[in-house]
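These protein sequence lines map, in sequence, to chains A and B.
Numbering-wise, the working numbering puts 204 at position 204 of the first sequence, and it's gapless, one number per residue.
Numbering-wise, the working numbering puts 465 at position 170 of the second sequence, and it's gapless, one number per residue.
Hints in this document: simulated from the structure, not taken from any laboratory.
Hints may be right or wrong, so weigh each one.
Said to hold, decoys possible - DSS-like, lysine-lysine: derived pairs with alpha carbons at most 27 Å apart:
# : chain 1 : residue 1 : chain 2 : residue 2
1 : A       : K72       : A       : K263
2 : B       : K302      : B       : K429
3 : A       : K101      : B       : K300
4 : B       : K401      : B       : K464
5 : A       : K206      : B       : K302
6 : B       : K429      : A       : K263
7 : A       : K101      : B       : K561
To be verified - Just so you have them, the derived chain A footprint on chain B, three or more residues with Cβ under 8 Å:
#  : stretch
8  : 312-320
9  : 324-334
10 : 354-360
11 : 367-379
12 : 393-406
13 : 482-493
14 : 523-530
Said to hold, decoys possible - Label-pair restraints from in silico Cβ distances:
#  : chain 1 : residue 1 : chain 2 : residue 2 : range
15 : B       : E353      : A       : F139      : 26 to 32 Å
16 : B       : K519      : A       : S289      : 35 to 41 Å
17 : B       : A470      : A       : V49       : 51 to 57 Å
18 : B       : R471      : A       : I45       : 37 to 43 Å
Here a beta-carbon is modelled for each residue, glycine too, at the ideal position from N, C-alpha and C.
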Amino acid sequence: MNLQRIRNFAGNYIFILPAFLLFFTFSLYPYFNMFYLSVTNWDGISSSVTLVGLENFKDIFSDNAVFWLSMKNAGVITFLALTVQNFLALTLAFLCDRDIKGGNIYRVIFYLPPVLSGIVVALIWNWIYDGNYGLLNHFLTMIGLGDLSRAWTSDPKTALFAVAVIHMWKGFGWGFVILLAGLQSIPRELYEAARVDGASGWVVFKNITAPLMIPVFILVSILTILGTMQIFDIIYATTGGGPGYHTEVPITRIYAMMIGSSKFGYACAMGVIFGVVLLIISMVQIRVSKMMRQV
Amino acid sequence: MNYEKMKRLTISFFIHLFLILVSLSCLFPLWWAFASSLKTQETVFNDLSLFPKNPHWENYFYAWTKADFGLYFLNSLFYTAVVVVGVILFSSMAAYAFSRLRFRGKNFLFLVIISTMMIPIPGSFIALYALLTKLRLVDTQLGYILPQINGGLALGIFLLKTFFDDLPKELEDSARIDGCGRFRVYWHIALPLARPAIAVLAIFNILAVWNEFFLSNLILSDKKLMPLQRGLMVFQGAHITQYPLLMAGIVITVLPVLAVYLLLQKHIIKGITAGAVKG
Numbered sequence: 001m002n003l004q005r006i007r008n009f010a011g012n013y014i015f016i017l018p019a020f021l022l023f024f025t026f027s028l029y030p031y032f033n034m035f036y037l038s039v040t041n042w043d044g045i046s047s048s049v050t051l052v053g054l055e056n057f058k059d060i061f062s063d064n065a066v067f068w069l070s071m072k073n074a075g076v077i078t079f080l081a082l083t084v085q086n087f088l089a090l091t092l093a094f095l096c097d098r099d100i101k102g103g104n105i106y107r108v109i110f111y112l113p114p115v116l117s118g119i120v121v122a123l124i125w126n127w128i129y130d131g132n133y134g135l136l137n138h139f140l141t142m143i144g145l146g147d148l149s150r151a152w153t154s155d156p157k158t159a160l161f162a163v164a165v166i167h168m169w170k171g172f173g174w175g176f177v178i179l180l181a182g183l184q185s186i187p188r189e190l191y192e193a194a195r196v197d198g199a200s201g202w203v204v205f206k207n208i209t210a211p212l213m214i215p216v217f218i219l220v221s222i223l224t225i226l227g228t229m230q231i232f233d234i235i236y237a238t239t240g241g242g243p244g245y246h247t248e249v250p251i252t253r254i255y256a257m258m259i260g261s262s263k264f265g266y267a268c269a270m271g272v273i274f275g276v277v278l279l280i281i282s283m284v285q286i287r288v289s290k291m292m293r294q295v
Numbered sequence: 296m297n298y299e300k301m302k303r304l305t306i307s308f309f310i311h312l313f314l315i316l317v318s319l320s321c322l323f324p325l326w327w328a329f330a331s332s333l334k335t336q337e338t339v340f341n342d343l344s345l346f347p348k349n350p351h352w353e354n355y356f357y358a359w360t361k362a363d364f365g366l367y368f369l370n371s372l373f374y375t376a377v378v379v380v381g382v383i384l385f386s387s388m389a390a391y392a393f394s395r396l397r398f399r400g401k402n403f404l405f406l407v408i409i410s411t412m413m414i415p416i417p418g419s420f421i422a423l424y425a426l427l428t429k430l431r432l433v434d435t436q437l438g439y440i441l442p443q444i445n446g447g448l449a450l451g452i453f454l455l456k457t458f459f460d461d462l463p464k465e466l467e468d469s470a471r472i473d474g475c476g477r478f479r480v481y482w483h484i485a486l487p488l489a490r491p492a493i494a495v496l497a498i499f500n501i502l503a504v505w506n507e508f509f510l511s512n513l514i515l516s517d518k519k520l521m522p523l524q525r526g527l528m529v530f531q532g533a534h535i536t537q538y539p540l541l542m543a544g545i546v547i548t549v550l551p552v553l554a555v556y557l558l559l560q561k562h563i564i565k566g567i568t569a570g571a572v573k574g
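Please put together the full structure from these sequences, using the hints given.
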């Protein structure tokens with residue numbers, strides 16, 4: 001072993017040193033520590049930490065209905081995002097793929113809500129939904145539907161849907177941009193060849209567009225699910241999880257358990273369970289997408 | 296023939312009508328916030344005009360000074376600048392090593408970093424908070440900056456490594472023969488060539504840091520350290536009724552994002568779509 005070679009080797013490691021120092025400290029260590037904390041009853045302050053085994057997990061499964069309700073709420077928002085939001089995104093992508101005038105302007109405008117922060121979007125929508133001065137109520141009164149007016153985000157009947165609408169408004173432009181890029185990556189020659197062969201619009205869609213778009217659509221779906229299940233900013237700045245627990249989502253519950261109740265260990269266990277749920281969902285999606293590609 | 300043309304025109308009319316309606320729904324809330332920021336507390340709930348007759352521009356002065364949005368703005372600017380520079384520097388170094396240099400465990404380390412991008416780990420913020428407490432970094436600028444630099448690394452390394460892999464090596468090889476050390480080759484040759492990829496990386500991180508709320512909410516409680524998103528929530532909590540000033544604060548928050556977006560929207564859209572369609 002000569003000195004030159006060792007120096008050479010060490011020099012190469014210097015390039016990755018800052019990145020890995022940060023990565024080990026702020027990613028890997030917290031990840032593993034989270035699993036450890038999830039089997040303790042740590043309160044976040046005291047220096048004594050007692051191992052409680054799977055106690056936290058048992059309690060979450062048997063005695064934490066609110067957490068599972070929060071999972072369901074996030075599921076409802078996710079379902080709406082998957083269907084309504086992605087349908088809108090797909091429709092707009094198809095329309096803008098037809099070489100229409102001003103296509104680029106539409107694209108710039110539709111991607112505007114996604115670049116705004118959840119807080120900004122939520123604070124503006126708070127005013128739209130306000131019970132006393134809200135624009136929505138004002139509009140309903142104007143068109144003679146004043147009976148419907150209410151405080152949209154504090155009425156248990158509408159709160160979850162109101163929040164979902166904000167989330168979808170912020171998100172559809174993102175799906176639109178990716179789906180449009182997918183459509184535009186399909187070679188135009190394929191369409192022309194099909195037309196020369198006399199294929200109808202439906203046949204072209206079924207045999208060219210759909211098969212080539214399925215991977216893109218699945219990717220958008222996975223990212224929609226992962227993003228929506230972990231929704232926080234919009235909820236925090238509009239309803240804070242209320243009224244009651246009607247708009248609680250997993251992250252607001254974990255956050256409340258940690259900051260509000262100082263149950264750090266318990267909150268970690270919730271995080272672990274939620275992470276596993278997300279992992280299962282994305283693995284199922286990937287499996288399904290592989291199956292569909294084979295068909 | 297005439298009928299065909301009529302039909303096509305009608306379809307095109309309805310398509311544009313639909314697209315314009317969706318566009319208006321995107322633009323209206325923003326314009327509404329802007330118009331409201333120019334009204335007074337007395338008129339804001341009754342005067343629903345979209346172009347206020349007597350615009351009260353002084354609201355911006357009050358928002359900037361009395362409501363502390365000036366302070367939050369400078370904080371946001373500081374955090375964004377430091378995090379973006381950090382992400383670009385550290386991830387380009389690592390990406391260069393992963394693409395060009397030889398060292399033990401290279402593939403494994405790369406895989407570990409990239410896998411954190413794919414596997415969702417919600418709730419690790421609790422352990423992160425515990426760590427920051429131990430390091431006495433809660434409620435400090437450094438405590439807010441370092442985790443965010445780390446947060447940008449995975450995407451940065453992935454993006455830049457892919458870019459370096461596609462670059463021809465000849466230029467670097469000849470520089471090395473001329474006696475340039477590794478670090479000089481990286482700094483003077485590889486890094487300038489990577490400018491397009493760095494631009495994409497920079498834009499993504501600028502937007503991410505500027506819009507970040509969760510971490511600032513978790514660890515910053517000193518008003519003097521807060522970025523804009525956090526400042527907006529604090530102001531809303533304390534002065535729920537001062538709508539024009541809140542809306543002015545929102546406009547102050549959105550304006551830089553809007554500028555960056557409109558100037559660089561081609562890069563942004565290229566960036567998201569390239570990553571998504573390829574991956």
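Hint check against the structure, violated hint numbers in rising order: Failing hints, ascending: 2, 10, 11, 13, 16, 18.
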